[in-house]
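As given, the protein sequences belong to chains A and B, one line each in that order.
The first sequence begins at 1 in our numbering and counts up one residue at a time.
The second sequence begins at 1001 in our numbering and counts up one residue at a time.
Since no wrong hints were added, every one of them can be taken at face value.
DSSO-like, lysine-lysine: derived pairs with alpha carbons at most 27 Å apart:
id, chain 1, residue 1, chain 2, residue 2
1, B, 1123, A, 38
2, A, 17, B, 1123
3, A, 44, A, 13
4, B, 1129, A, 56
5, A, 17, B, 1129
6, B, 1123, A, 24
7, B, 1129, A, 24
8, B, 1123, A, 13
9, B, 1129, A, 38
10, A, 13, A, 91
11, B, 1129, A, 9
12, B, 1129, A, 72
13, B, 1129, A, 2
14, A, 56, A, 2
Quick caveat, the hints were computed from the structure, so don't treat them as lab data.
The residues making up each chain are set out below.
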Amino acid sequence: MKYTLLAGKTFDKSLHKLPLDVIKHIDDLVFQLEDNPKEGEQLKGEFRHLWSLHTKLNNVQYRIIYSVNVVKREVILHYAGSRENFYKEVKRLRLKVA
Amino acid sequence: MLGRRRRNFGYSDTEEKNSLLIEDYLSGCYDTDMSVPLIETIQAADLSTHVDELLARVEDKNQHIIIRRNQRRIARLVPEIYVQAIDHLIESDPAVADTIALMLNVEVRTDIQASMDEWHAGKARPARKVFDEIYAAGGQDV
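With the rest of the complex left out, here is chain A (with noise of 0.2 Å):
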């Protein structure tokens, strides 16, 4: 049975932020978590709810943050934006980035 992917509206403001063809490249890929919801990495500690799928597209990479509801088989998406944007703090502070 396949998981239903629901967005909330800061998934939808994070996107508006990017190029159509980025939003059709994220539309494609999201939807493969109907059937494979734990595609992407689960986060650690106090953010184990969360996964990231990583993408890239045009030698960009790319972050969808969302996360799993298996008891009612729901996908929620939470945010989709560049690594580089989700790294900012990251590289700020120097911290090597893989």
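On the provided structure of chain A, position chain B as indicated by the hints.
Only chain B this time, still in chain A's reference frame:
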């Protein structure tokens, strides 16, 4: 070295490797007789008076110094090797890297919390509808 062994309670290879790395780091933070504590606390008002002594402890004994103001932790002096250990974790494990990035990114964290609240309130919408509205409005110019 403390000679402690960490039992593997079903951790993945990466998690096990990372935890051993941290343990190696932590084991260097004690004297062999355990007389030097890992962490000490100082009030922010006393920092300038003791700064040389504290930096020496951080450098020589790998101690962490927690700085408090009004009972609240505001900063921590840590040895450079501690930051290098975090660098290693970020490089070796994408999930750890994303977790640290999210911890530090208050703006995205706040957005995600708002999105979770929205979902709990039953206000999340079908994702298909969100994408279709963007296409109907012409993408970025919405």
